[in-house]
Amino acid sequence: MSAAALAALPLQTHHRLRKLIACGDPVDVFRAIAAGQRVTGGIDERVWHAWRNVAGLDEVMARRCGEHGISVVCSRDDEYPTSIVHDREAPAVLFYRGDLSALRRRRVGIIGTRTASLSGCNFARTLGRDLALNDVAVVSGLARGIDVHAHRGVCDVGTGAAVAVVACGLDVVYPPEHELEWDDVARRGVLLTEAPPGTAPETHRFPLRNRILAALSEVLVVVESRARGGSMITVREAMKRDVTVMAVPGSPHAPVSDGTNALLKDGCEPVTDVDDVLVALGLSSGSSRRGADMREAPTPAERGVLAACTTRAVTVDEIVMTIGIPVFEAGVLLGRLELKGWVQQVNGWWEALT
Amino acid sequence: MYAAVSSSTLHGVFGAPITVEVHIGHGLPGFSIVGQPDEACRESRDRVRAALLCSGHEWPNRRITVNLSGDGEKKGGATADLAIAVGVLIAEGKIEQGAVDHLAFVGELGLDGSLRATSGIAPLSYSARAESVVVPMVSVHEARIAVGDRAIGVSTLRQVCAVLAGGEPWPDTGIAPHRVLADVPPDMADVMGQENAKFAMEVAAAGFHHVLMVGPPGAGKSMLAHRMPGILPRLGTAESFETSMVRSAAGLPAVNPPSLVPPFRAPHHTSTTVSVVGGGSPVRPGEISLAHNGVLFLDEMGEFAPSLLDALRQPLEEGEVRVARARGCVTLPARFLLIGASNPCPCANEMVTSCTCTPQMRHRYLRRFSGPLLDRFDIRINLARPALSGMVTAEPGEPSAAIADRVSAARSRAVERQGAPNAMIAPHLLERHAPLTQAARDVIEARLTRGDLTARGYHRVRRVARTIADLRGDHAVVEQEHVESAIAMRAELTGR
Numbered sequence: 197m198s199a200a201a202l203a204a205l206p207l208q209t210h211h212r213l214r215k216l217i218a219c220g221d222p223v224d225v226f227r228a229i230a231a232g233q234r235v236t237g238g239i240d241e242r243v244w245h246a247w248r249n250v251a252g253l254d255e256v257m258a259r260r261c262g263e264h265g266i267s268v269v270c271s272r273d274d275e276y277p278t279s280i281v282h283d284r285e286a287p288a289v290l291f292y293r294g295d296l297s298a299l300r301r302r303r304v305g306i307i308g309t310r311t312a313s314l315s316g317c318n319f320a321r322t323l324g325r326d327l328a329l330n331d332v333a334v335v336s337g338l339a340r341g342i343d344v345h346a347h348r349g350v351c352d353v354g355t356g357a358a359v360a361v362v363a364c365g366l367d368v369v370y371p372p373e374h375e376l377e378w379d380d381v382a383r384r385g386v387l388l389t390e391a392p393p394g395t396a397p398e399t400h401r402f403p404l405r406n407r408i409l410a411a412l413s414e415v416l417v418v419v420e421s422r423a424r425g426g427s428m429i430t431v432r433e434a435m436k437r438d439v440t441v442m443a444v445p446g447s448p449h450a451p452v453s454d455g456t457n458a459l460l461k462d463g464c465e466p467v468t469d470v471d472d473v474l475v476a477l478g479l480s481s482g483s484s485r486r487g488a489d490m491r492e493a494p495t496p497a498e499r500g501v502l503a504a505c506t507t508r509a510v511t512v513d514e515i516v517m518t519i520g521i522p523v524f525e526a527g528v529l530l531g532r533l534e535l536k537g538w539v540q541q542v543n544g545w546w547e548a549l550t
Numbered sequence: 041m042y043a044a045v046s047s048s049t050l051h052g053v054f055g056a057p058i059t060v061e062v063h064i065g066h067g068l069p070g071f072s073i074v075g076q077p078d079e080a081c082r083e084s085r086d087r088v089r090a091a092l093l094c095s096g097h098e099w100p101n102r103r104i105t106v107n108l109s110g111d112g113e114k115k116g117g118a119t120a121d122l123a124i125a126v127g128v129l130i131a132e133g134k135i136e137q138g139a140v141d142h143l144a145f146v147g148e149l150g151l152d153g154s155l156r157a158t159s160g161i162a163p164l165s166y167s168a169r170a171e172s173v174v175v176p177m178v179s180v181h182e183a184r185i186a187v188g189d190r191a192i193g194v195s196t197l198r199q200v201c202a203v204l205a206g207g208e209p210w211p212d213t214g215i216a217p218h219r220v221l222a223d224v225p226p227d228m229a230d231v232m233g234q235e236n237a238k239f240a241m242e243v244a245a246a247g248f249h250h251v252l253m254v255g256p257p258g259a260g261k262s263m264l265a266h267r268m269p270g271i272l273p274r275l276g277t278a279e280s281f282e283t284s285m286v287r288s289a290a291g292l293p294a295v296n297p298p299s300l301v302p303p304f305r306a307p308h309h310t311s312t313t314v315s316v317v318g319g320g321s322p323v324r325p326g327e328i329s330l331a332h333n334g335v336l337f338l339d340e341m342g343e344f345a346p347s348l349l350d351a352l353r354q355p356l357e358e359g360e361v362r363v364a365r366a367r368g369c370v371t372l373p374a375r376f377l378l379i380g381a382s383n384p385c386p387c388a389n390e391m392v393t394s395c396t397c398t399p400q401m402r403h404r405y406l407r408r409f410s411g412p413l414l415d416r417f418d419i420r421i422n423l424a425r426p427a428l429s430g431m432v433t434a435e436p437g438e439p440s441a442a443i444a445d446r447v448s449a450a451r452s453r454a455v456e457r458q459g460a461p462n463a464m465i466a467p468h469l470l471e472r473h474a475p476l477t478q479a480a481r482d483v484i485e486a487r488l489t490r491g492d493l494t495a496r497g498y499h500r501v502r503r504v505a506r507t508i509a510d511l512r513g514d515h516a517v518v519e520q521e522h523v524e525s526a527i528a529m530r531a532e533l534t535g536r
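In order, the protein sequences belong to chains A and F.
If you count the first sequence from 1, you need to add 196 to reach our numbering.
If you count the second sequence from 1, you need to add 40 to reach our numbering.
I should point out that these hints are in silico values taken from the structure, not numbers from a laboratory.
Mixed in with the good hints there might be a few duds.
[Stated by the list, open to error] What follows is a set of in silico ranges between Cβ atoms, one per label pair, in the way DEER data are often shown:
{"hint": "1", "chain 1": "A", "residue 1": "Trp244", "chain 2": "F", "residue 2": "His309", "range": "29 to 35 Å"}
{"hint": "2", "chain 1": "A", "residue 1": "Gly520", "chain 2": "F", "residue 2": "Ala486", "range": "24 to 30 Å"}
{"hint": "3", "chain 1": "A", "residue 1": "Pro206", "chain 2": "F", "residue 2": "Arg407", "range": "32 to 38 Å"}
{"hint": "4", "chain 1": "F", "residue 1": "Gly291", "chain 2": "A", "residue 2": "Pro397", "range": "55 to 61 Å"}
{"hint": "5", "chain 1": "A", "residue 1": "Ala458", "chain 2": "F", "residue 2": "Pro475", "range": "54 to 60 Å"}
{"hint": "6", "chain 1": "A", "residue 1": "Ala228", "chain 2": "F", "residue 2": "Arg407", "range": "50 to 56 Å"}
{"hint": "7", "chain 1": "F", "residue 1": "Thr477", "chain 2": "A", "residue 2": "Thr506", "range": "27 to 33 Å"}
{"hint": "8", "chain 1": "F", "residue 1": "Gln400", "chain 2": "A", "residue 2": "Trp244", "range": "35 to 41 Å"}
{"hint": "9", "chain 1": "F", "residue 1": "Arg408", "chain 2": "A", "residue 2": "Glu275", "range": "47 to 53 Å"}
{"hint": "10", "chain 1": "A", "residue 1": "Gly354", "chain 2": "F", "residue 2": "Gly513", "range": "46 to 52 Å"}
{"hint": "11", "chain 1": "F", "residue 1": "Pro475", "chain 2": "A", "residue 2": "Val475", "range": "56 to 62 Å"}
{"hint": "12", "chain 1": "A", "residue 1": "Ala458", "chain 2": "F", "residue 2": "Asp445", "range": "52 to 58 Å"}
Where is the CB? At the ideal position from N, CA and C, for every residue including glycine.
One chain only, chain A, in its complex shape (with noise of 0.2 Å):
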């Protein structure tokens, strides 16, 4: 537990971690600091200041990872994952919960904005389901909007194994309402982060995170995201890694497509169903299976409405307008295809599933 304990010293950043743990074992490190060492060169006295009464830090923080089922691998593990191993930045103490080998699989990160418009979460989540289906792991940062849906994508399927990296402790549940989809992601693969259990979810963390994510990606697949944002933050750290990145077009008036489009003009590639990425991969794409679509057909009047909001959400009253039908039989009409999961509705919004 002293590396968790070298991570959480006071004034920590990741660049000074990396120094530390370059030292030696982080044991010996440790117990040096708190004899009040200084173990390397290129410290502030400041730092070295905040650094005096650390003494106990390892035993607070091996009962905090205990509590909470919290494992610490440093980069000097064996087990430390191979896929970021070598990269520049890359965290030198990962706490986590799960299991690490799921960083051995095919990995494609999907993310997007918090704020994302009712289609983009549905496609997010048939990404994340087809490519569960096969057997690509699914990373996300577990945000808000694109992220959680592309993970509950991953939960539809049983065999589904997810990636999660978060900005926070991995005490701290961030965004609060996601508490479900943590414990999910630590039972089919793992939850990362680099910051030390009871981290807040300061902001200056999400950049930080994101540059994990983007490491951890071998694809990286945006699914909205406004001109600027957390996921354009994520794009330019996967281009630094040579991670290839790609986009899903939306529409030019969407302003939650704008930096998608964006992408897609300055040359990623566009997906538009799971073979995509899986070409990008180098996956064969001939054999890609997608999830069989078990819902009950839609009746000939059904699908008139249908059609009547494929191509952009609309209301009732448009559709009356359109196909010419009562009120009434609208509404009737939009719950059966509702309740057989053909459209949704957000607001009075309606918009069919694909």
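We have chain A already, so just place chain F on it with the hints.
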């Protein structure tokens, strides 16, 4: 020496008869009023004295005691002024006691002896225990709503004396009905598009269901709400009487003959709780009582004080407001149809996709509606701005009159069946009044399993489905499509 004159006093929206006793006796000159008068009532002393002097009477420089005997409650307001002045004149011997035995007097006096209008003339005259009620001439049409030709209008105290002491006839009060409000509510045909919302309004009007409209500014939320009275069934005699009583008690201009259009009240979101719910001292009816038998429209519902919205829950449940005081409880009628309107989020952008709010902002905005209040809305609909192109080419919508006909037919079916609109069916009576077909049951079952419906939502859907069935003809049993249509009117407020 002694006189007794009938009058009445106002408690909330109901009058209570009182007897004004006046005694003039020996002792130190003085004038006191006993019998729990409130502040305004105690000021009667000065008004009555000035009014008598201005009307050509001497002020008796003896000990004058006035007792307001009634139901033991506090007597409020200046409505007993006239009765006190008449009482003093009788006790002085200027008027015979016998001349007032069949009369009650209600009205405030000015210092010059003229009679002024006060609020509550209708309920006051209604409750007075006498053959005829003497009221200020300006309010006589208001009194006539309650007591018809038994109301006598007079303009001054001098006139009253001339009749009671001089044997002159009562002044002619005229018979022309008095009307101050236009009786034509705005028409639904003015609303372009919004067919879904109009249908929801029709269902709400038929079943007296409360409606919540969520939509961006410019979607036509308040336009639709203002047109609700035009599609609601006309008020019956008893209902319009109640409404007139409340208007009178609140001091609003009277309409005689009473309007049969249900009232529409739209308090601003900065209104205080007391002005909306009722209260104060003396207790005055608030906006929700003025909306009795009609529509209460809360625009920008999220902007109202949370305590105010919570205070609406009890009246919504019980159809009346109870204002509790140390000395007892005043009950005000408040059976209204609540229409709430709100933006979907603080940025109020039209489409889900162009919204710039973070999920937290939206969540915080919608959290202002407390769950228990949201539960009262049987119908919740989302509105979008109508397409501009549609506004130019669209034919005018269906007129209110046509919708009102269907609404009335549906409402009579409901009243015939259970004696009340469908929104008031108690949960345990749903099985009797709104039985479901097996297919309808299956749909509800599926929705419950999916988590689309909660237990409370389940009852709401069944009531609304009952109304839809009533609107669509004579259905003894609620069918599948009625339930499906009712479910379509339950938009969730999501913070997604």
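Here is how each hint holds up against the structure:
no.	hint	verdict
1	A:Trp244 to F:His309: 29 to 35 Å	violated (59 Å)
2	A:Gly520 to F:Ala486: 24 to 30 Å	holds (28 Å)
3	A:Pro206 to F:Arg407: 32 to 38 Å	holds (37 Å)
4	F:Gly291 to A:Pro397: 55 to 61 Å	holds (57 Å)
5	A:Ala458 to F:Pro475: 54 to 60 Å	holds (59 Å)
6	A:Ala228 to F:Arg407: 50 to 56 Å	holds (52 Å)
7	F:Thr477 to A:Thr506: 27 to 33 Å	holds (32 Å)
8	F:Gln400 to A:Trp244: 35 to 41 Å	holds (39 Å)
9	F:Arg408 to A:Glu275: 47 to 53 Å	holds (50 Å)
10	A:Gly354 to F:Gly513: 46 to 52 Å	holds (49 Å)
11	F:Pro475 to A:Val475: 56 to 62 Å	holds (58 Å)
12	A:Ala458 to F:Asp445: 52 to 58 Å	holds (57 Å)
The structure fails to meet hint 1 from the earlier list, while all remaining hints are met.
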